[in-house]
Amino acid sequence: MDEHSLLATTVRDTLVNIAGVSGTAAKHLRPGQSLSADLGLDEVDLDVLAGCQCRLGDRLRRDRGITRLGADELRDGTVADVVRLTLRRALGRRLDPAGVRELIVLAQSGLRGAGNSVSG
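At position 24 of the sequence shown (counting the first as 1) the number is 24 in my numbering, and the numbers step up by one without a gap.
Treat the hints as calculated values from the structure; they're not laboratory data.
What you are looking at is a predicted structure, and each value in this text was computed from that prediction instead of being measured.
For glycine and all other residues, C-beta sits at the position ideal for the given N, C-alpha and C.
Where hints are given, some of them may not hold.
Unchecked claim - Beta-carbon label-pair distances, calculated as ranges:
no., residue 1, residue 2, range
1, Arg68, Gly113, 31 to 39 angstroms
2, Gly23, Arg94, 24 to 32 angstroms
3, Val44, Asp2, 35 to 43 angstroms
4, Glu102, Met1, 17 to 25 angstroms
I would like the entire structure built from these sequences, with the hints used as guidance.
The following block contains the structure:
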């Protein structure tokens with residue numbers, strides 16, 4: 001899998017994780033949406049999401065290390081922040097906001113094309 005495909009897959013899986021916890025369809029999540037305010041996540045939801053993202057990060061790593069990401073780090077974050085944190089913690093990649101938005105649009109396009117809708 002090339003680098004761009006890996007990033008796009010990571011973003012897709014992140015959107016699906018957020019959607020699964022929030023009950024919002026992954027294809028409708030916006031990069032600027034706040035996790036706790038816009039998506040209605042409480043402390044338990046943020047803990048679950050952090051766990052999902054840590055497992056996603058662990059799968060991405062080539063060094064067999066552990067990805068650490070806590071609910072407190074996600075509390076005041078946005079959808080794009082979760083993507084950025086996951087990529088930075090798992091792969092050491094730092095993407096600019098435009099790059100993250102582009103990957104989110106690409107991932108959502110793939111989710112729409114596959115007919116996937118994740119809701120709770």
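Structure-based check of all given hints:
no. : hint                               : result
1   : Arg68 - Gly113: 31 to 39 angstroms : holds, 33 angstroms
2   : Gly23 - Arg94: 24 to 32 angstroms  : holds, 30 angstroms
3   : Val44 - Asp2: 35 to 43 angstroms   : holds, 37 angstroms
4   : Glu102 - Met1: 17 to 25 angstroms  : holds, 18 angstroms
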